[in-house]
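Engineer: For the protein sequence lines, the chains are A and B, in the order given.
Anchor point for the first sequence: position 161 equals 161 in the UniProt record's numbering, and the numbering is continuous, going up by one each time.
Anchor point for the second sequence: position 213 equals 213 in the UniProt record's numbering, and the numbering is continuous, going up by one each time.
These aren't lab readings, by the way, just hints derived from the structure by calculation.
We put the beta carbon where it would ideally sit given N, CA and C, even for glycine.
Certain hints may be false.
Estimated spans, in silico, between C-beta atoms of each pair [as the list claims (entries may be wrong)]:
| # | chain 1 | residue 1 | chain 2 | residue 2 | range |
| --- | --- | --- | --- | --- | --- |
| 1 | B | Ser43 | A | Arg33 | 45 to 55 Å |
| 2 | A | Leu43 | B | Glu122 | 32 to 42 Å |
| 3 | A | Lys142 | B | Arg220 | 45 to 55 Å |
| 4 | A | Gln46 | B | Glu78 | 26 to 36 Å |
| 5 | B | Lys207 | A | Glu178 | 45 to 55 Å |
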Amino acid sequence: MADEVILLDFWPSVFGIRARIALREKGVEFEYREENLRDKSPLLLQMNPVHKKIPVLIHNGKPVCESMNVVQYIDEVWSDRNPFLPSGPYQRSQARFWVDFIDTKLLKPADNLWQTKGEEQEIAKKEYIEALKILETELGDKPYFGGDTFGFVDIAMIGYYSWFEASEKLANFSIEPECPILMAAAKRCLQRESVVKSLPDSEKILAFAFKIRKIYCV
Amino acid sequence: MAEKEEVKLLGIWASPFNRRIEMALKLKGIPYDYVEEKLLDKSPLLLELNPIHKKVPVLVHNGKTILESLVILEYIDEAWPHNPILSQDPYERSKARFFAKLIDEQIFDAGFVSMARADEKEALVEKTRELIMHLEKELVGKDFFGGKSVGFLDFVAGSMIPFCLERGWEGMGLEVITEEKFPEFKRWVKNMEKIEIVKECIPPREKHIEHMNFMVQRVRSA
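Kindly generate the complete structure, drawing on both the sequences and the hints.
Structural biologist: Right, dumping it as structure tokens:
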């Protein structure tokens with residue numbers, strides 16, 4: 001029976017990109033549907049009535065919501081190839097811990113970089129770099145967070161990697177001198193086939209970033 | 001191979017994030033050492049094991065540290081696969097994880113703040129009710145979130161809502177979850193109250209209500 005896989009998404013989303021990459025890593029055919037977040041489709045509202053947010057993966061009519069939930073689901077359904085999580089319970093718990101860290105400690109400062117200005121933005125910069133440094137320590141000298149293979153935590157980071165340039169320009173700072181190892185990992189991940197196919201043009205991200213900044217603060 | 005298992009749990013008696021871990025360990029029959037921490041005077045051990053968040057619960061299994069309650073629950077299920085707490089079906093697992101986050105993020109936030117902020121109480125109580133309605137719908141036709149028996153989501157929801165938030169609301173004279181609007185939820189709570197391991201793992205009622213009152217007053221006067 002052919003699988004029907006639909007992804008409701010929004011092109012610049014750091015969350016949506018995780019789902020796109022996960023599907024491509026597993027070689028799953030899917031239908032990408034762009035959502036207009038100011039005019040959400042009836043399908044989105046029906047499939048994610050709780051949060052009304054993207055990404056939503058609809059697999060044979062059943063919705064899966066929340067980006068890393070979607071990634072785990074994809075890993076469990078298409079478990080015969082390219083596992084995102086290691087096999088041991090302890091290593092898996094570490095991967096889940098770091099994804100939780102990314103979505104709690106990195107998210108807010110990353111958002112504040114473009115949502116705030118002045119003193120608030122300076123604080124955001126500091127918190128953002130601090131969080132990146134902690135992640136860099138965790139990465140160490142491994143090529144990927146999970147070790148030798150691209151996996152769960154790397155997928156979680158891609159959206160942030162893709163926004164590095166925009167963040168630097170918006171908040172007037174440079175990430176590389178602070179986190180050279182993480183920057184190198186970012187460059188490596190951004191060249192991966194599934195990522196290249198899923199990533200919007202960096203010019204487009206930049207233009208989008210400046211546009212939303214204007215909306216948030218004059 | 002029978003290796004001696006060493007399991008230690010650092011926690012705080014009133015923490016819902018801790019209580020759910022104890023429910024899972026008890027369901028699987030895993031013996032553990034419990035170490036009570038003090039919120040305002042964290043032990044050197046806690047700070048060493050969880051330097052990033054400095055929070056409980058912390059599970060230490062044969063010297064390896066696992067942090068964050070939902071991560072710990074999945075770890076327990078994978079390290080001790082008997083008496084599973086999560087379904088094998090990926091779709092059911094994704095739903096359980098989704099609702100667990102809803103409880104720990106939005107319901108937890110709205111619920112606690114509804115107690116702390118007298119000025120926003122009405123709006124937050126209403127918001128909490130809207131969020132819990134999603135859980136209400138999940139319980140239709142089921143004894144537990146896990147189906148016929150308790151599992152992951154029952155432990156998460158149970159530790160947070162009836163055996164924590166509701167006690168806080170009760171202490172303030174608030175009835176947030178009514179029989180009229182939430183019959184499934186009320187039925188589920190009655191089912192949960194009959195389960196031995198749940199009864200063993202929830203904080204003592206009166207002491208808990210008093211504690212919640214104290215915490216609310218502390219936040220209000222801050």
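Engineer: Now, for every hint given, state plainly whether the structure supports it.
Structural biologist: Verification of the supplied hints:
no., hint, verdict
1, Ser43(B) <-> Arg33(A): 45 to 55 Å, "51 Å, holds"
2, Leu43(A) <-> Glu122(B): 32 to 42 Å, "33 Å, holds"
3, Lys142(A) <-> Arg220(B): 45 to 55 Å, "47 Å, holds"
4, Gln46(A) <-> Glu78(B): 26 to 36 Å, "33 Å, holds"
5, Lys207(B) <-> Glu178(A): 45 to 55 Å, "48 Å, holds"
The structure shown violates none of the earlier numbered hints.
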